[in-house]
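Q: Keeping their order, the protein sequence lines are chains Y and Z. The first sequence: position 20 = 20 (my numbering), numbered continuously. The second sequence: position 26 = 26 (my numbering), numbered continuously.
Hints were generated in silico from the structure; no laboratory data involved. Think of the CB as a built atom: it goes at the ideal place given N, C-alpha and C, for glycine as much as any other residue. Be aware that one or more of the hints could be misleading.
Computed footprint of chain Y on chain Z, listed as stretches where at least three residues anywhere in the stretch have a Cβ under 8 Å from a Cβ of chain Y [unchecked claim]:
no.	stretch
1	1-12
2	29-35
3	54-64
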Amino acid sequence: MTLAESAAIILWIGITLYAVLAGADFGAGLWDLLAGGSRRGARPRALIDLAIGPVWEVNHVWLVFCLVMLWTAFPTVFSSIMLTLYVPLGLAAVGIVLRGSGFAYRHVTTRFAARRAFGAVFAVSSLITPFFLGAVLGAIAGGRVPLGGDSGSPISSWLNVPGVFAGVLAVVASAYLAAVYLVGDAHRHGDAGLVAYFRVRAAAAGAVTGLVALSGLIVAGDDIPELFDGLTGRAAPLVVMSAVCGLTTMVFMWREVTRFTRVLAAAAVASIVWAWGLAQQPWMLPDQITVIEAAASPPTLWAILLAVGLAGIVIVPALALLWRLDQASALEIDDLDDEALANRG
Amino acid sequence: MEAGWIVTEVGRQPWVVYGYLRTEDAVTTAGGIWWWFAVIAVIYAAVISTGVVVIRSMAARWRAGDDGTYSPGSTDDHIDEQGPAPYEPRQPMPAPEPSSGPVA
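Looking at chain Y on its own, in the form it has when it is part of the complex (with noise of 0.2 Å):
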């Protein structure tokens, strides 16, 4: 294996813990957003607040990894696509910027009114966010980056099929992650008509995604064909690999099975997340440039290698903990019931 294809993989892994754990933050915004009036949405928002106050900037971290290893160890290819990109990358953040700063406000204030506002703040970007990183995937996927960027078209390179698509799809697997993880939070508080709550939106949310996934194929056919068949060919066992991991969870969702969930949704994403990318093997932008001809130069390369590393040594540990305290109800300062009360107005 060489530098260049370890580096890419280092990016992937990062897209993919991106995906399942900030997918599931956004995710909850959805949930919140389709939660309903303040009295009926009351309880459920009450747990979504509880279960992303510990973890939701933590999971900026992601985004900023992947970012960053992108333009250190591929700068042609980022330079590329932030000059056709701008416009869904840059709503992306303005999405992220006004999630954060609804959230935390609703958080702090007392008046119903403005936690209502700040919520719907939170919620209708929660919506917009992975919308548009969905569609940069998607661009890239559908070979609408042009290299170099000058000629790329800012609207019409990720407003067309492959990129729209790639947005739903994300948007309903974040939904999807964020009801299953929910399902686990809910048990967690002993609230049965919240386990029971989320658990039809789980069961409903992987039967959307597994749709939408399956229609990416169609989609990949008729735009892209290269993709497709990459998708039937060598990352097919990975297709597989999601249905039935998606299956999987919804069956133990019907069954009240409690373990493993979370798991296997999250495996069910992120095998999306890398059967695109071996399918796309061995372009980085389709058609265009491949993964090692992209990499930057090899001392770069053993830079931003050892610097992960010994990123890993310090923040996997720290992550840890935070999980492992998190899981154990430890790091709330509220109480599910006084949310839900403060919710009701």
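Got chain Y sorted already, so can you dock chain Z onto it with the hints?
A: Quick look at chain Z alone, frame taken from chain Y:
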């Protein structure tokens, strides 16, 4: 911290990469950048001013001795039951005379 940032960013001009790449050559060739600048300036102005308002109202609630739960209609009685929250004043203001017994 902001002063340090200004030092590095202004001090490095006109180079982006010292001795190799000037800022004017590194700038994006994409169009519409001024629109983005305007959008981002507006958004940050909104977020910052909202933040100032929110923090000031948090401070006002702290001064009033709010016990920190978000239930509407929580009264000072809660302080007696639960004790003051970590960053709360030890007694609600205005303070009663010292000889009048437990804090109301």
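Q: All hints, please: hold or fail.
A: Hint by hint, here is what the structure shows:
1. Coverage of the stretch 1-12 of chain Z by chain Y is violated [criterion: at least 3 residues with CB-CB distance below 8 Å; count 0].
2. Counting residues of the stretch 29-35 of chain Z whose C-beta lies closer than 8 Å to any C-beta of chain Y gives 4; at least three are required, and the coverage claim holds.
3. Closer than 8 Å: that is the beta-carbon criterion, and the stretch 54-64 of chain Z has 4 residues meeting it against chain Y, so the requirement of 3 holds.
Hint compliance for this structure: hint 1 is the single one not met.
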